[in-house]
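From first to last, the protein sequence lines are chains Z and A. Residue 0 is where the first sequence starts when you use numbering that gives the first Met the number 0, and the numbers rise one by one after that. Residue 0 is where the second sequence starts when you use numbering that gives the first Met the number 0, and the numbers rise one by one after that.
Hints in this document: simulated from the structure, not taken from any laboratory. Any given hint could turn out to be false.
Note that identical chains are pooled: a pair holds if it fits in a single copy or bridges any two copies.
[What the hints assert, rightly or not] The list that follows gives simulated cross-link-like pairs (lysine to aspartate or glutamate, EDC-like), each with its CA atoms no further than 16 Å apart:
(1) 24 / 198
(2) 24 / 80
(3) 126 / 74
(4) 126 / 198
(5) 24 / 196
(6) 24 / 74
(7) 34 / 74
(8) 126 / 141
(9) 24 / 81
(10) 34 / 71
(11) 126 / 172
(12) 24 / 41
(13) 126 / 81
(14) 34 / 13
2 protein chains.
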Amino acid sequence: MKKQQGGSERTISERTVSRLILYRKRLSGAHEHQKRFIYSYELGAMCGVSSAQVRRDLMLVGCAGSPNRGYDRRELLAGIEEFLYRPGTQNVALVGLGNLGRAILSFFAGRRSRLAVVATFDIDSAKTNCVTFGCRCYPVADLRTVAAAARIEVAMLTVPAAAAQATADLLVDAGVRGILNFAPVTLRVPDHVFVEDIDLAMSLEKVAFFARRGQQMERKHA
Amino acid sequence: MKKQQGGSERTISERTVSRLILYRKRLSGAHEHQKRFIYSYELGAMCGVSSAQVRRDLMLVGCAGSPNRGYDRRELLAGIEEFLYRPGTQNVALVGLGNLGRAILSFFAGRRSRLAVVATFDIDSAKTNCVTFGCRCYPVADLRTVAAAARIEVAMLTVPAAAAQATADLLVDAGVRGILNFAPVTLRVPDHVFVEDIDLAMSLEKVAFFARRGQQMERKHA
Chain Z
0 MKKQQGGSER
10 TISERTVSRL
20 ILYRKRLSGA
30 HEHQKRFIYS
40 YELGAMCGVS
50 SAQVRRDLML
60 VGCAGSPNRG
70 YDRRELLAGI
80 EEFLYRPGTQ
90 NVALVGLGNL
100 GRAILSFFAG
110 RRSRLAVVAT
120 FDIDSAKTNC
130 VTFGCRCYPV
140 ADLRTVAAAA
150 RIEVAMLTVP
160 AAAAQATADL
170 LVDAGVRGIL
180 NFAPVTLRVP
190 DHVFVEDIDL
200 AMSLEKVAFF
210 ARRGQQMERK
220 HA
Chain A
0 MKKQQGGSER
10 TISERTVSRL
20 ILYRKRLSGA
30 HEHQKRFIYS
40 YELGAMCGVS
50 SAQVRRDLML
60 VGCAGSPNRG
70 YDRRELLAGI
80 EEFLYRPGTQ
90 NVALVGLGNL
100 GRAILSFFAG
110 RRSRLAVVAT
120 FDIDSAKTNC
130 VTFGCRCYPV
140 ADLRTVAAAA
150 RIEVAMLTVP
160 AAAAQATADL
170 LVDAGVRGIL
180 NFAPVTLRVP
190 DHVFVEDIDL
200 AMSLEKVAFF
210 ARRGQQMERK
220 HA
């Protein structure tokens, strides 16, 4: 049996990665609690996750707590960050500088982060060669050259649905390996490319559905 | 054993609802294919879902296909919509008219939908009593009155993290039963209130993680 080395060589699920990102966030945001150690049940409560799940996830990244004291907060944070991140920044592009694209860009611009939006792209020549929120906008036709020069491997896709697949193909050609897709389309990409979809309209529909059911539940119990 | 009535009285999972919303979207967007019938495997392929899963989901909403012809497209769409929606529109509020709030509002404003953003709220008196993207902005202090008058039961929360829980409490007090939460905070709400989180920064981190792994995978196989 092959020895697991901190889990970094194993297949890791999306959900596990999402939880690790959340643990990191909660741990790094909780400086007001100056306790040095934290129990799995405490971290779990901060994240809405069971303590058993927390312990399994942390084992994956090679962090072991003590049953008596829990986990050393600083070691834990360092362990998760070492697993999740590479040293330095990762460059990100945004493609599609319409309403939503600008919105997303304004959200990410100026955030200190390991992820830096370094270029935007659009097909509209009225938008290209301008600087929006500190980012230059290039013509989509220059995607391959700019992405290679700026070592861009992550992109946010905020183009209209009809243009999404063709643009994703361009991104993949340009060496992009991760796409945060806001277009309401299921993208077809090669296996080595990871796509995460955010569909604002569908998320709101889901909330509305359960809001309506919540009302029914309240009425039933009333 | 209680008879199932099209599943509407059963507990339904978030994932099932998400898939049903996706089926509806793909079915209503696929007018170019004028085929009257559709097989579960075809709908599944359009949505990245197995055909067995499609059949289970559609059974839940009371839609049965024929093994020979598949599902009648129009009946299917009507069945899913009857399950997902109520007649008329559902009113939505947006709380927090900062950069992200404006962005989200600009995305939803002017969309024809069963969900209508009818009011926005902010604490900044420079923003209140103005109309942005066709929506009047009210002081957060008026939330309860305005929400009751406008029958608002769904809200999008785009306030800063530090204000999120207090604002969510106000929303719940005002009768809101569904919150689409963009603040990077795990909200505590009563059981009858449904919360869906969208954390743009965390989603981008996840994509960046898998993009990096994709690169490792490619290198290994090279």
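Right, here's what the structure says about each hint:
1. 24 / 198: between (23 Å within a copy, 11 Å between copies)
2. 24 / 80: Close inside one copy (10 Å), not across copies (38 Å); limit 16 Å.
3. 126 / 74: Answer is neither: 46 Å inside a copy and 44 Å across each miss the 16 Å cutoff.
4. 126 / 198: neither (24 Å within a copy, 28 Å between copies)
5. 24 / 196: between (21 Å within a copy, 15 Å between copies)
6. 24 / 74: within (14 Å within a copy, 46 Å between copies)
7. 34 / 74: within (13 Å within a copy, 59 Å between copies)
8. 126 / 141: The answer is within: 14 Å in one copy meets 16 Å, while 40 Å across copies does not.
9. 24 / 81: within (14 Å within a copy, 40 Å between copies)
10. 34 / 71: Within one copy only: 9 Å inside a chain, 61 Å across chains, cut-off 16 Å.
11. 126 / 172: Neither: 23 Å inside a copy, 44 Å across copies.
12. 24 / 41: Within one copy only: 14 Å inside, 40 Å across.
13. 126 / 81: neither (38 Å within a copy, 42 Å between copies)
14. 34 / 13: Result: close neither inside a copy nor across copies, 30 Å intra and 36 Å inter.
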